[in-house]
Every structure is written in structure tokens, then in C-alpha cells.
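Q: Chain residues, written in single-letter form:
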Amino acid sequence: SQQGEEDPQALSIQEGENATMNCSYKTSINNLQWYRQNSGRGLVHLILIRSNEREKHSGRLRVTLDTSKKSSSLLITASRAADTASYFCATLPQGGSEKLVFGKGTKLTVNP
Amino acid sequence: DAGITQSPRHKVTETGTPVTLRCHQTENHRYMYWYRQDPGHGLRLIHYSYGVKDTDKGEVSDGYSVSRSKTEDFLLTLESATSSQTSVYFCAISGQQRGFSYNEQFFGPGTRLTVL
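Line by line, the protein sequences are chains A and B.
Heads up: the first sequence begins at 1 in my numbering, then just goes up one per residue.
Heads up: the second sequence begins at 1001 in my numbering, then just goes up one per residue.
This is chain B alone, in the form it adopts within the complex:
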């Protein structure tokens, strides 16, 4: 399995509080992604990174910011959490490492976030 972890795995917070989710990889993959998964919507891309300090927006980026100061860590921040951001958040990585197909993504175990 690809070495990718997410923390925390579960979090309950209140509306208006800041929240930071962390994704950590040990695979040295170039690309990292943040998705959210909601019933009826499948997986939707929030932000992604194509290198250290290089990030771009996805389909549902409003209310979220990201940072990548080193290859192995990709942080997702909700500056002021809202109830609509209650979801399961997945981090994924990809890159042409160890013979894997380019673009094939490896997913972390997910973070279940509840905003009350």
C-alpha cells in the first residue's frame, strides 16, 4: 500500500472555528489532492498540488485553502468551518514513482469531519 496517512481521522468542531487537516506521504509523489465525498455527489476535488508551494483550485474550493511547504505534507484548512463542510475528506497522491502508471491515484483512509 502507498504510504499515505491523514490526521485527524475524526473531528467534531463548531461553526466558525478554524480546522486544519493534514495529509502525509512517504512515497515522494509529486502530486497531492484533497477531495470531499458526500452522498449523492461522489468525490469532488477541492484543491491539488503539483509540487512544493505549487497549488491549484478544484471544483469546490470556496471556503478552503491549502499549503504545501514540503513534498510529504499537504494541509487543508477551513478558515471558518460551516455546517455545509461536514463531509468525509480524502487525500490522494500520484506520480510516476516505482513504475506505477502516471495519473493513478492512491488514497488515504479519510477524515470524517462534523461541523455543528
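So here's chain A without its partners, still in its complex pose:
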């Protein structure tokens, strides 16, 4: 069963705008990760946030985590056409497992 669920399923914006994607999950986690997938390619790790962290930045990416609401958001600022991709959240449940559980993804289109 899917742990993470991204919202929205699809998002279309203009270059220069900010893009926000949300992820909700069901059980307690060790960490939450975001991945990007360009069409026809494998996933690429973007950022990892641990359960005791609330916010993390990496370049134009900002991730927040609210463990009380079991939710996370990924913000891409000043988006570019090259940001067009699918974005997935993945959670590592507590309990010692090494099995990430992926959501179904948000398809982001950035129009030039």
C-alpha cells in the first residue's frame, strides 16, 4: 500500500513562478525524501529531511515537514523549464526497515 500521497497529481506553471507540491503519509517515519524523475529516466534524489527536522533548503528547493500532520511540502522557487519532471516523495517508516515507500508522484510542467 502507498504510504505517501502527493498532491496535486499534476501542476502546470509558467517559468519564474514557484511550484509547491505536498505529500501526506500515514505512519511514523524515520525520514522523508523527495525525488525527481525526468521522462524516461530513473529517479534522482533531491533532498532528505529527518523526522526531527522541520525545514531544509537546497539551492532553489525548500522542504518542510510537519510530523504532527504527517505531511511535507516541496517548494521549487523561480522555476525553470528544466524543472519539468515528476516529483515523488518517499518515506522511511520507523522500525529499522530499509524499505522506502514511494507515493504516486506529482507531474510538474513548467512552461517557457
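Mixed in with the good hints, there may be bad ones.
As the list claims (entries may be wrong) - Result set (DSSO-like, lysine-lysine): computed pairs, CA atoms no more than 27 Å apart in a straight line:
{"id": "1", "chain 1": "A", "residue 1": "K99", "chain 2": "A", "residue 2": "K26"}
{"id": "2", "chain 1": "A", "residue 1": "K99", "chain 2": "A", "residue 2": "K56"}
{"id": "3", "chain 1": "B", "residue 1": "K1053", "chain 2": "A", "residue 2": "K99"}
{"id": "4", "chain 1": "A", "residue 1": "K107", "chain 2": "A", "residue 2": "K56"}
{"id": "5", "chain 1": "A", "residue 1": "K104", "chain 2": "A", "residue 2": "K69"}
{"id": "6", "chain 1": "B", "residue 1": "K1070", "chain 2": "B", "residue 2": "K1011"}
{"id": "7", "chain 1": "A", "residue 1": "K107", "chain 2": "A", "residue 2": "K26"}
{"id": "8", "chain 1": "A", "residue 1": "K99", "chain 2": "B", "residue 2": "K1070"}
{"id": "9", "chain 1": "A", "residue 1": "K70", "chain 2": "A", "residue 2": "K99"}
{"id": "10", "chain 1": "B", "residue 1": "K1057", "chain 2": "A", "residue 2": "K99"}
{"id": "11", "chain 1": "A", "residue 1": "K70", "chain 2": "A", "residue 2": "K26"}
{"id": "12", "chain 1": "A", "residue 1": "K70", "chain 2": "A", "residue 2": "K56"}
{"id": "13", "chain 1": "B", "residue 1": "K1053", "chain 2": "A", "residue 2": "K104"}
{"id": "14", "chain 1": "B", "residue 1": "K1057", "chain 2": "B", "residue 2": "K1070"}
{"id": "15", "chain 1": "B", "residue 1": "K1011", "chain 2": "A", "residue 2": "K104"}
{"id": "16", "chain 1": "A", "residue 1": "K56", "chain 2": "A", "residue 2": "K69"}
{"id": "17", "chain 1": "A", "residue 1": "K26", "chain 2": "A", "residue 2": "K69"}
{"id": "18", "chain 1": "B", "residue 1": "K1053", "chain 2": "A", "residue 2": "K26"}
To be verified - Simulated restraints, written as ranges between beta carbons of each label pair:
{"id": "19", "chain 1": "B", "residue 1": "T1015", "chain 2": "A", "residue 2": "L75", "range": "39 to 49 Å"}
{"id": "20", "chain 1": "B", "residue 1": "K1057", "chain 2": "A", "residue 2": "K26", "range": "14 to 24 Å"}
{"id": "21", "chain 1": "A", "residue 1": "V44", "chain 2": "B", "residue 2": "D1056", "range": "22 to 32 Å"}
If you're looking for bench data, these hints aren't it; they were derived computationally from the structure.
Ideal placement from N, C-alpha and C gives every residue a C-beta, glycine not left out.
Use these hints to put chain B onto chain A, whose structure you have.
A: Structure of chain B alone, referenced to chain A:
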């Protein structure tokens, strides 16, 4: 980029035939994973390995088997392929190597399998 390759990259086969997909890594990572990706389902874990000869089932393991006889290779076998196994298969690796965050996974380029 993490050194991870998959072979073949594309395969078309017929129902009932055995198929083996190979994942090869040059990073010496401990963990290796096989996922399948289907429209509307995202990525689902088939099997994973936490060391040589140590494997465990994932969410959708029925109809699949795996083997890992050495650190760098993780094989996924469909003993008798069915049309429902038409999918894109991704291998991933993880492990605390070269300062990377533990649990961060690196993905291969994928294998597109079509079962007719």
C-alpha cells in the same frame, strides 16, 4: 552519478517465458532494490537485498525471484512472464558510502519490459 547499470534496457518477450534482468553497481553499496513503475501506481518495491545472499520481499513480490551472489550484482527473475508484468523496472542502491546520507537511493536507468 552513482555507478549503476541495468541490462537489458528494453526487452519484449512472450507469456510463459523466463526473463532475467540484471542490475550492476560499482559503488560497493550494501543495499540493492528492485522496483516496478506503472501508471497510476508510482514505484512499488518488488524485492530488496541487504547483503550478499540476503534478500527480502517487497510489496509486489509474487511472480518474481531475486538472487545476489556478489555485492555488485542483483538479478531479478520472472520465472514465467505474464502480461501483468509488463512494466518499467528500476534497480536502486543505497548505503553509507562516500558520505552519502544513509537510505538515500540511487537509481539505474530502468528496463522497459513488454510481455506479449
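Q: If a hint holds in the structure, say so; if it doesn't, say that too.
A: Results of checking the hints against the structure:
| no. | hint | result |
| --- | --- | --- |
| 1 | K99(A) <-> K26(A) | 15 Å, holds |
| 2 | K99(A) <-> K56(A) | 23 Å, holds |
| 3 | K1053(B) <-> K99(A) | 17 Å, holds |
| 4 | K107(A) <-> K56(A) | 22 Å, holds |
| 5 | K104(A) <-> K69(A) | 19 Å, holds |
| 6 | K1070(B) <-> K1011(B) | 24 Å, holds |
| 7 | K107(A) <-> K26(A) | 22 Å, holds |
| 8 | K99(A) <-> K1070(B) | 21 Å, holds |
| 9 | K70(A) <-> K99(A) | 18 Å, holds |
| 10 | K1057(B) <-> K99(A) | 10 Å, holds |
| 11 | K70(A) <-> K26(A) | 7 Å, holds |
| 12 | K70(A) <-> K56(A) | 16 Å, holds |
| 13 | K1053(B) <-> K104(A) | 31 Å, violated |
| 14 | K1057(B) <-> K1070(B) | 19 Å, holds |
| 15 | K1011(B) <-> K104(A) | 25 Å, holds |
| 16 | K56(A) <-> K69(A) | 17 Å, holds |
| 17 | K26(A) <-> K69(A) | 9 Å, holds |
| 18 | K1053(B) <-> K26(A) | 32 Å, violated |
| 19 | T1015(B) <-> L75(A): 39 to 49 Å | 46 Å, holds |
| 20 | K1057(B) <-> K26(A): 14 to 24 Å | 20 Å, holds |
| 21 | V44(A) <-> D1056(B): 22 to 32 Å | 25 Å, holds |
Consistency with the previously given hints fails for numbers 13 and 18, ordered from lowest to highest.
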